[in-house]
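Those protein sequences? They're chains R and L, same order as listed. Per my numbering, the first sequence starts with residue 856, numbered consecutively. Per my numbering, the second sequence starts with residue 268, numbered consecutively.
Hints listed in this document are in silico derivations from the structure and should not be mistaken for laboratory results. Backbone N, C-alpha and C fix where the C-beta goes; we use that ideal spot for every residue, glycine too. Among these hints, one or two may not hold up.
[To be verified] Simulated pairs of lysine-lysine, BS3-like, Cα-Cα distance not exceeding 30 Å:
1. L:K280 <-> R:K897
2. L:K280 <-> L:K293
3. L:K293 <-> R:K913
4. R:K912 <-> L:K293
5. R:K892 <-> R:K877
6. L:K293 <-> R:K892
7. L:K293 <-> R:K897
[As the list claims (entries may be wrong)] Covered by chain R, per the in silico footprint, the following chain L stretches (three or more residues, Cβ under 8 Å):
8. 310-322
9. 368-374
[What the hints assert, rightly or not] Just so you have them, the derived chain L footprint on chain R, three or more residues with Cβ under 8 Å:
10. 890-900
11. 930-940
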Amino acid sequence: GENVEQHPSTLSVQEGDSAVIKCTYSDSASNYFPWYKQELGKRPQLIIDIRSNVGEKKDQRIAVTLNKTAKHFSLHITETQPEDSAVYFCAATNNDMRFGAGTRLTVKP
Amino acid sequence: DAGVTQSPTHLIKTRGQQVTLRCSPKSGHDTVSWYQQALGQGPQFIFQYYEEEERQRGNFPDRFSGHQFPNYSSELNVNALLLGDSALYLCASRYRVSPRGAFFGQGTRLTVV
Numbered sequence: 856g857e858n859v860e861q862h863p864s865t866l867s868v869q870e871g872d873s874a875v876i877k878c879t880y881s882d883s884a885s886n887y888f889p890w891y892k893q894e895l896g897k898r899p900q901l902i903i904d905i906r907s908n909v910g911e912k913k914d915q916r917i918a919v920t921l922n923k924t925a926k927h928f929s930l931h932i933t934e935t936q937p938e939d940s941a942v943y944f945c946a947a948t949n950n951d952m953r954f955g956a957g958t959r960l961t962v963k964p
Numbered sequence: 268d269a270g271v272t273q274s275p276t277h278l279i280k281t282r283g284q285q286v287t288l289r290c291s292p293k294s295g296h297d298t299v300s301w302y303q304q305a306l307g308q309g310p311q312f313i314f315q316y317y318e319e320e321e322r323q324r325g326n327f328p329d330r331f332s333g334h335q336f337p338n339y340s341s342e343l344n345v346n347a348l349l350l351g352d353s354a355l356y357l358c359a360s361r362y363r364v365s366p367r368g369a370f371f372g373q374g375t376r377l378t379v380v
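This is chain R alone, in the form it adopts within the complex (with noise of 0.2 Å):
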């Protein structure tokens, strides 16, 4: 089945900076690549997705890159927020969705 390794498991950046977490995935049909934010005692929430046969996606100051060949893809978030604090989950997708283990990301203000 589908592995998904997702790095760093935590990050703490100062408001304003750029944050990059980075995840790659084993299954090569896997062909959908969703980012969930999960903040404490809540369900994880949608923030972004990319579709195998798209590079990059963004969204205001949040993108995603994808390089299939290398199975890895990665979220960049510019100019953090307090915020963007939450755990990040990345989840590689063929019929369903496979889990990283998620990054605690911290903004300090």
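With chain R's structure known, arrange chain L on it following the hints.
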């Protein structure tokens, strides 16, 4: 639109007991997946239901079983509970042919004592 709803929100069970968790998918969604999220970890895929059949299964023992009803709602059953089954159980729904990610319910926090 109520989104994905799960019940109950919290549950305490004794080791060896059985538990049933329920999920109502978002309106228009026909596929339901269940995940187990231990504290500080990512959601682990348990299984997926579509057209009332289990379509895919993760690496979970047969003690974990499920069901999907004609109205697309779903149940997760866990038999012979172990202390290690304590976790947040998340249900996620989507429309099978949709390219978008799944939407999660708020989860059921199961504590096994």
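Evaluation of the provided hints:
Proximity of L:K280 to R:K897 is assessed by CA-CA distance (about 22 Å); at most 30 Å being required, the pair is judged to hold. Distance hint between L:K280 and L:K293 is fulfilled; the C-alpha atoms sit about 28 Å from each other, no more than 30 Å. Between the alpha carbons of L:K293 and R:K913 the distance comes to roughly 26 Å, so the proposed pair stays at or under 30 Å and holds. Of the supplied pair hints, the one linking R:K912 and L:K293 holds, its CA atoms being roughly 26 Å apart against a limit of 30 Å.
Between R:K892 and R:K877 the CA atoms are separated by roughly 14 Å; this keeps the pair inside 30 Å, and the hint holds. Straight-line distance between C-alpha atoms of L:K293 and R:K892 comes to about 19 Å, which keeps the hinted pair within the 30 Å bound. Restraint check for L:K293 and R:K897: the C-alpha separation of about 17 Å stays at or below 30 Å, so the hint holds. Restraint check on the segment 310-322 of chain L versus chain R: 5 residues with Cβ-Cβ distances below 8 Å, three needed, restraint holds.
Three residues within the 8 Å Cβ limit are the bar, and the segment 368-374 of chain L against chain R gives 7, so the coverage statement holds. Three residues within the 8 Å Cβ limit are the bar, and the segment 890-900 of chain R against chain L gives 5, so the coverage statement holds. Residues of the segment 930-940 of chain R with a Cβ under 8 Å from some Cβ of chain L number 0, which does not satisfy the need for three, so the listed coverage is violated.
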